[in-house]
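Undergrad: Protein chains in written order, with this note's numbering: chain A, 94 to 206; chain B, 135 to 246.
Hints are not guaranteed to be accurate.
What the hints assert, rightly or not - Quick partial rundown of chain B residues pointing at chain A, CB under 10 Å, derived from the structure:
hint	residue
1	Gln171
2	Gly174
3	Val184
4	Ala190
5	Glu193
6	Tyr233
7	Glu234
Stated by the list, open to error - Selected chain B positions facing chain A (Cβ under 8 Å, derived; list incomplete):
hint	residue
8	Phe144
9	Gly192
10	Val194
To be clear, the hints were calculated from the coordinates, so they are not data collected in a lab.
The model shown is predicted, which means the values in this text are computed figures rather than measured ones.
Virtual Cβ for every residue (Gly too), placed ideally from N, Cα, C.
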Amino acid sequence: AQTVTQSQPEMSVQEAETVTLSCTYDTSESDYYLFWYKQPPSRQMILVIRQEAYKQQNATENRFSVNFQKAAKSFSLKISDSQLGDAAMYFCAYWSAGNMLTFGGGTRLMVKP
Amino acid sequence: NAGVTQTPKFRVLKTGQSMTLLCAQDMNHEYMYWYRQDPGMGLRLIHYSVGEGTTAKGEVPDGYNVSRLKKQNFLLGLESAAPSQTSVYFCAARKPATYEQYFGPGTRLTVT
Numbered sequence: 094a095q096t097v098t099q100s101q102p103e104m105s106v107q108e109a110e111t112v113t114l115s116c117t118y119d120t121s122e123s124d125y126y127l128f129w130y131k132q133p134p135s136r137q138m139i140l141v142i143r144q145e146a147y148k149q150q151n152a153t154e155n156r157f158s159v160n161f162q163k164a165a166k167s168f169s170l171k172i173s174d175s176q177l178g179d180a181a182m183y184f185c186a187y188w189s190a191g192n193m194l195t196f197g198g199g200t201r202l203m204v205k206p
Numbered sequence: 135n136a137g138v139t140q141t142p143k144f145r146v147l148k149t150g151q152s153m154t155l156l157c158a159q160d161m162n163h164e165y166m167y168w169y170r171q172d173p174g175m176g177l178r179l180i181h182y183s184v185g186e187g188t189t190a191k192g193e194v195p196d197g198y199n200v201s202r203l204k205k206q207n208f209l210l211g212l213e214s215a216a217p218s219q220t221s222v223y224f225c226a227a228r229k230p231a232t233y234e235q236y237f238g239p240g241t242r243l244t245v246t
C-alpha cells in the first residue's frame, strides 16, 4: 500500500516571504499523480497544484511551485510571496490506478503579518 | 454550476441511530468518492463508485453502506451510528482526464 508522509506538523512564514512544505511517499509504481490540497478553516478542500510522475518538469501555478524528485520519492510545495490567505492546512496526496487518493497527515501553515 | 454539494452540513446522532448523507454533483463525472477526516489527520477513503449502479470499498468501509442509483448522486448510509463515526465526511467527484478530485464542503457528524 502507498503511504504519504508529511514530516512538518506546523510551519510558520512571514508575509511576503517564501516557505517550503515537505512531502515524501512510498510506492513501487512508476505511473502516478501527486497533488497538494489546501484546507482553510472553512473546511473546503481546494486543489493547489498537480504533478504527473512521467513529467520531469516541475509544476507551477502562480505563486505555488513544486520540487518533484522521483528517485527520492519527494514532492515539496514552495509558496512564494506568502499572503495571509495562504494560512491553512496543506495536504499532500498520491493517486495511482488503484482508484484511491492517499493523503498525508497534513501541515498547518501559519502566516505572520 | 455548484460543483459538488453535500446535505446536511451538520448532524448530531445518538448511538444506534441511522442516517443518510447525500452528495450531488453537476459536472457529469463518472467517479465519486466518500471520505472521512478525523481531527489532525488527512482524508481516508470509505467507499467509491466508478459509475451509476456500481460501488466499491475503500480503506475504511466498515459500518457504512453506499448507493449510486443516479449518476449525479452518491449516498452514504450509517445503519447504526457509533461514537467512532464522529468525523467530518467529504464527498468528491473525479475529473477523468487529469485524475483531479473536486470536493464538497463537508458534513460534520457527531455521534453521542
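Undergrad: Give a verdict on every hint.
TA: Cross-check of the supplied hints:
no. : hint   : verdict
1   : Gln171 : 8 Å, holds
2   : Gly174 : 7 Å, holds
3   : Val184 : 7 Å, holds
4   : Ala190 : 7 Å, holds
5   : Glu193 : 7 Å, holds
6   : Tyr233 : 5 Å, holds
7   : Glu234 : 6 Å, holds
8   : Phe144 : 11 Å, violated
9   : Gly192 : 6 Å, holds
10  : Val194 : 11 Å, violated
Hints 8 and 10 from the list above are not met by this structure, while the remaining hints are.
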